[in-house]
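*Asks:* Construct the complete structure from the given sequences, taking the supplied hints into account.
Protein chains in written order, with the numbering used here: chain A, 1 to 135; chain B, 1001 to 1135; chain C, 2001 to 2135; chain D, 3001 to 3135.
Be careful, since some hints might not be right.
Below, simulated DMTMM-like cross-link-like pairs (lysine to aspartate or glutamate); rule was C-alpha separation at most 20 Å, straight line [what the hints assert, rightly or not]:
| id | chain 1 | residue 1 | chain 2 | residue 2 |
| --- | --- | --- | --- | --- |
| 1 | A | K66 | B | D1036 |
| 2 | D | K3122 | D | D3059 |
| 3 | B | K1007 | B | D1036 |
| 4 | D | K3119 | C | E2101 |
| 5 | D | K3115 | B | E1049 |
A partial selection of chain B residues facing chain D, derived with a Cβ cut-off under 10 Å [stated by the list, open to error]:
| id | residue |
| --- | --- |
| 6 | T1015 |
| 7 | D1016 |
| 8 | Y1020 |
| 9 | Y1022 |
Just so you know, the hints here were simulated from the structure itself, not pulled from any lab data. Keep in mind it's a predicted model, so treat the numbers as computed, not measured. For glycine and all other residues, C-beta sits at the position ideal for the given N, C-alpha and C.
Number of protein chains: 4
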Amino acid sequence: MIRSETKIRVRYGETDQMGYVYYGVYAQYYEVGRVDAMRSLGFSYKQIEEKGLLMPVIDFSISYKKPAFYDDEITVVTYVRDKPLGVRIIFEYECFNQAGELLNTGKVTLVMIEKVTNKMCKIPDWFQNAFNAFF
Amino acid sequence: MIRSETKIRVRYGETDQMGYVYYGVYAQYYEVGRVDAMRSLGFSYKQIEEKGLLMPVIDFSISYKKPAFYDDEITVVTYVRDKPLGVRIIFEYECFNQAGELLNTGKVTLVMIEKVTNKMCKIPDWFQNAFNAFF
Amino acid sequence: MIRSETKIRVRYGETDQMGYVYYGVYAQYYEVGRVDAMRSLGFSYKQIEEKGLLMPVIDFSISYKKPAFYDDEITVVTYVRDKPLGVRIIFEYECFNQAGELLNTGKVTLVMIEKVTNKMCKIPDWFQNAFNAFF
Amino acid sequence: MIRSETKIRVRYGETDQMGYVYYGVYAQYYEVGRVDAMRSLGFSYKQIEEKGLLMPVIDFSISYKKPAFYDDEITVVTYVRDKPLGVRIIFEYECFNQAGELLNTGKVTLVMIEKVTNKMCKIPDWFQNAFNAFF
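*Replies:* Now the structure itself:
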């Protein structure tokens, strides 16, 4: 299993008039979380695109337990519980505030796509191998 | 059943470097869709808050079939398939592009909260009644 | 002079915890305004990019007089007061709420860039001509 | 003079289809910069609001020299060159990428407002004093 932690400070522009972090903002927090998880494996998402691959999201779900507020320091915990298989990779998430309260849990599924053909493609060996070391 | 349609033109700032509408942007499109659905029942979400109620999202899921692109005219179709019950109301979604292609489907669950107590509360009669007419 | 009007309904996710539309959101509203202004001349910004040109912003300024609130219907008035000259084009703005109150005024300067060379380039004749008809 | 530095990693969702950080995103980067500048004086913007004060932006301008790209590590340098005076405070900015290239310069003017009256008010002594130590 892969597990990585990312700290994110809530920006004012991310709150809404309820005083909560807007529910759509977590898509960005989760994105930052999985990019950090990949970085901990030794490569950046940027490099993936430089190799002519894209990883769009095909599935995203999130359950909100408690709101986050302005200036909170959020910990995004990102998990990869299963080796990437075929064309897809699944990231799972837990967000906590600075008091250690669970804010939300979620799941994001990405697929790999070849930029030139715009078709799904098998996850390449170098990517697979970086993950395999953790399982 | 309630069914409402909303047109949204994709803004440049909503695209990402893949050229797709960023996956987190649909949270806003869905929000616009359900606000329009409520407006078709004769009240605005703004009025709900003016009555001392809030409706935070507690669950959001979305499956992406195809990307949307800059300047696309998206049709967000919003459904309420069941009468709001107790404290919660569920909106379901389909997004289409101008070619009629299905872009994504999703589901958002909201709960009603009393602003002063910050506690969940039963959906009030005036709200319930507006929906009942459609079922 | 070119003058065009665009209506934008404020989204919940665009407000901040002050209850105001976040000050950075107007960059998007202005973008929508100038895209509409171009559309009224007979072409879309999308077509400009399809011709291998980009129009990044090099200067943006805005003075806020009054806040906009959730669900307000904003009118963005976009002006081009001078013919585009050389590599640049200037858009000026006024935003009003549904009560006709002036919310802010602003100015955005864009330059034209050739995608392949990534260098600034003279505004092409077909673009210049579309504007000339109004001056 | 006050000078503070903030590092911000560019998120994927902040890029647009040009591959640039969208021009409106810097409003958030600048916000993060000035909040950090205040924090270095010993208080958070959050505390300001807890004391019943708001600080909306009344003026924002930015000149873009070079684009930022996905995954860039931006340094936002925030300056307060003059003591806050009367009701307003001015922050000036420079953004650099990891190669030390100047990306943009900008200026944001905020005013102080009393939440209950919704009127501008003189900057309070405790706020003024925190700044005075640096001039």
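*Asks:* Could you run down the list of hints and mark each one as holding or not?
*Replies:* Tested hints:
{"no.": "1", "hint": "A/K66 - B/D1036", "verdict": "26 Å, violated"}
{"no.": "2", "hint": "D/K3122 - D/D3059", "verdict": "18 Å, holds"}
{"no.": "3", "hint": "B/K1007 - B/D1036", "verdict": "10 Å, holds"}
{"no.": "4", "hint": "D/K3119 - C/E2101", "verdict": "18 Å, holds"}
{"no.": "5", "hint": "D/K3115 - B/E1049", "verdict": "19 Å, holds"}
{"no.": "6", "hint": "T1015", "verdict": "4 Å, holds"}
{"no.": "7", "hint": "D1016", "verdict": "5 Å, holds"}
{"no.": "8", "hint": "Y1020", "verdict": "8 Å, holds"}
{"no.": "9", "hint": "Y1022", "verdict": "5 Å, holds"}
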